[in-house]
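Trainee: Here is what each chain is made of, one letter per residue.
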Amino acid sequence: MNYVTGLILLLVSSAIVNNVVLSQFLGLCPFLGVSKRVETAAGMGGAVIFVITIASFVSSVIYKYVLAPTGFQYMQTIVFILVIAALVQFVEMFLKKSIPSLYKSLGVYLPLITTNCAVLGTAINNVTNNYDILESVINGFGVAVGFTIAIVIMAGIREKIEYNDIPETFKGSAIVLITAGLMAMAFLGFSGVI
Amino acid sequence: MNKNIERLYNGLWKENPTFVLMLGMCPTLAVTTSAINGIGMGLSTTVVLVLSNMMISALRNIIPDRVRMPAFIVVVASFVTIVQFLMQGFTPSLYASLGIYIPLIVVNCIILGRAESYASKNPVIPSMFDGIGMGLGFTVGLTLIGVVREILGNGSAFGVNIPALNDYHITLFGLAPGAFIVLGFLVAIMNVVRRKMEAAGKPLPAVQGCLSGDCSSCGLSSSCTGKSLVHNTPEEIPVDPKDVAKPQPETKIEVKHTANAKNTEDVEKSGSDSSYADDDIVGKEEDK
Numbered sequence: 001m002n003y004v005t006g007l008i009l010l011l012v013s014s015a016i017v018n019n020v021v022l023s024q025f026l027g028l029c030p031f032l033g034v035s036k037r038v039e040t041a042a043g044m045g046g047a048v049i050f051v052i053t054i055a056s057f058v059s060s061v062i063y064k065y066v067l068a069p070t071g072f073q074y075m076q077t078i079v080f081i082l083v084i085a086a087l088v089q090f091v092e093m094f095l096k097k098s099i100p101s102l103y104k105s106l107g108v109y110l111p112l113i114t115t116n117c118a119v120l121g122t123a124i125n126n127v128t129n130n131y132d133i134l135e136s137v138i139n140g141f142g143v144a145v146g147f148t149i150a151i152v153i154m155a156g157i158r159e160k161i162e163y164n165d166i167p168e169t170f171k172g173s174a175i176v177l178i179t180a181g182l183m184a185m186a187f188l189g190f191s192g193v194i
Numbered sequence: 001m002n003k004n005i006e007r008l009y010n011g012l013w014k015e016n017p018t019f020v021l022m023l024g025m026c027p028t029l030a031v032t033t034s035a036i037n038g039i040g041m042g043l044s045t046t047v048v049l050v051l052s053n054m055m056i057s058a059l060r061n062i063i064p065d066r067v068r069m070p071a072f073i074v075v076v077a078s079f080v081t082i083v084q085f086l087m088q089g090f091t092p093s094l095y096a097s098l099g100i101y102i103p104l105i106v107v108n109c110i111i112l113g114r115a116e117s118y119a120s121k122n123p124v125i126p127s128m129f130d131g132i133g134m135g136l137g138f139t140v141g142l143t144l145i146g147v148v149r150e151i152l153g154n155g156s157a158f159g160v161n162i163p164a165l166n167d168y169h170i171t172l173f174g175l176a177p178g179a180f181i182v183l184g185f186l187v188a189i190m191n192v193v194r195r196k197m198e199a200a201g202k203p204l205p206a207v208q209g210c211l212s213g214d215c216s217s218c219g220l221s222s223s224c225t226g227k228s229l230v231h232n233t234p235e236e237i238p239v240d241p242k243d244v245a246k247p248q249p250e251t252k253i254e255v256k257h258t259a260n261a262k263n264t265e266d267v268e269k270s271g272s273d274s275s276y277a278d279d280d281i282v283g284k285e286e287d288k
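Here the protein sequences line up with chains F and G, keeping their order. Take the first sequence: its letter number 139 is residue 139 in the UniProt record's numbering, and every next letter is one higher. Take the second sequence: its letter number 181 is residue 181 in the UniProt record's numbering, and every next letter is one higher.
Some hints could be false.
[Stated by the list, open to error] With beta-carbon atoms standing in for the labels, derived distance ranges:
1) G99/G x Y65/F: 24 to 30 Å
2) V193/G x S101/F: 23 to 29 Å
3) I189/G x N2/F: 49 to 55 Å
4) L8/G x P69/F: 44 to 50 Å
5) A68/F x A96/G: 44 to 50 Å
6) N2/F x S97/G: 29 to 35 Å
7) N61/G x A68/F: 35 to 41 Å
8) S191/F x D65/G: 44 to 50 Å
No lab work stands behind these hints, which were simulated from the structure alone. Remember, predicted model here, so these are calculated numbers, not experimental data. For each residue, glycine too, the CB sits at the ideal point set by N, CA and C.
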């Protein structure tokens, strides 16, 4: 029972309390680049949930059953980034062939994620924190859900910002970053929850 | 020799990765809680950048073009691993405070970007100076942002307490929101500088990386087919005079265009509105 409670706490902590974008600064590129429309942002969020959850699982299986027994732990960075890049390609091909409807909604976003530091960061964090495989998957899922929450809220705000009269100097990414700062301030309020 | 000094000047000033090109924003936001952290991150990135630039430049005629990106990634990741273990051994406290961001140097746009756009086309020595220039430019950028955040957030600079500020610091600036806000104001200041320079007839190089919303400058862009989210059609990719001067390899351009065309179709087929193209490129608005 304690284990299950731990998993739930882990999920809440990785999704909200330690939000991947707003407190860890990972995955900023898609957060700033793909947050102009809510639908696009939600699509990106869906693809990130899909990829990070699978990548967490695969990387922690590889770490536990390949790298750790052979004493190659120090290769983790190299192995993880190659595994993630290959995985994204593979997932893309698999979806295209087997689940075309899912591919239609997530396909364009998938390759964008290969370079996303949130995926590699989550895989490395799982290992650093000594999570077992189930914990890694839960943590990966939580991180991705946190990313989706942040990017969808951001896209909603940006759709409104477009109609506002902002000083010329702050137009573009300046106002977006300051908005992100205010959102981060709001998320800071969760820091005492767990 | 002149070319090497020009490379240093280019990285430190003309195309400063932090202030002008706005590359590598993840570590910029994350580690600039203090000036010392900024220096540490900047220098470790510099070491990786110099070594990987030299290695990639030395191997540039051996690596086949098709497997260029995976090869670059393996080279960069190896050097990052070496730097990581050196830091763990010799500067444990810095290693602890930089944490996850050290292995994440692998995915820093600056490193793969320089490998792709400079080191893979130039001899070893200029590539080394390019790495030193860009790396030091990044270090200076991180240190300056770190000093500002440390003074505002902690009332100290380089770890030295400033007595006059004891009662007047805003802890928020040392935390996550402060990072976003400081960077937002930095972008705003750079917008003003950009406009002034343009009026004076000396426009700055365009913003690259995340903040431009333009993937084409990213080192992995040739393998990334998601660009159509930002640029719906290949025609709309703004042509940078700098890029024309330095023509890209033929194959890469082909890959880009087919990828873009394919994805444009995908987007249209999926029936979602094709309004992505209407979006202005963030940070380039002031250039118009």
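Trainee: Please go over all the hints and tell whether each is borne out by the structure.
Mentor: Checked hints:
The supplied range of 24 to 30 Å is met by G99/G and Y65/F, whose beta-carbon atoms lie about 26 Å from each other. Remark: the range hint 23 to 29 Å for V193/G to S101/F is contradicted by a beta-carbon distance near 48 Å. In this structure the hint that I189/G and N2/F lie 49 to 55 Å apart at CB holds, the actual value being about 51 Å. At about 47 Å, the CB distance of L8/G to P69/F agrees with the hint of 44 to 50 Å.
Here the CB-CB span from A68/F to A96/G is close to 23 Å, at odds with the stated 44 to 50 Å. Hint check: N2/F to S97/G, Cβ distance near 32 Å, so the stated range 29 to 35 Å holds. Distance hint check for N61/G and A68/F: the Cβ-Cβ separation is about 38 Å, which falls inside the suggested range of 35 to 41 Å. Between S191/F and D65/G the beta carbons are some 48 Å apart, a value that agrees with the proposed interval 44 to 50 Å.
Comparing the model with each numbered hint stated earlier shows that hints 2 and 5 do not hold.
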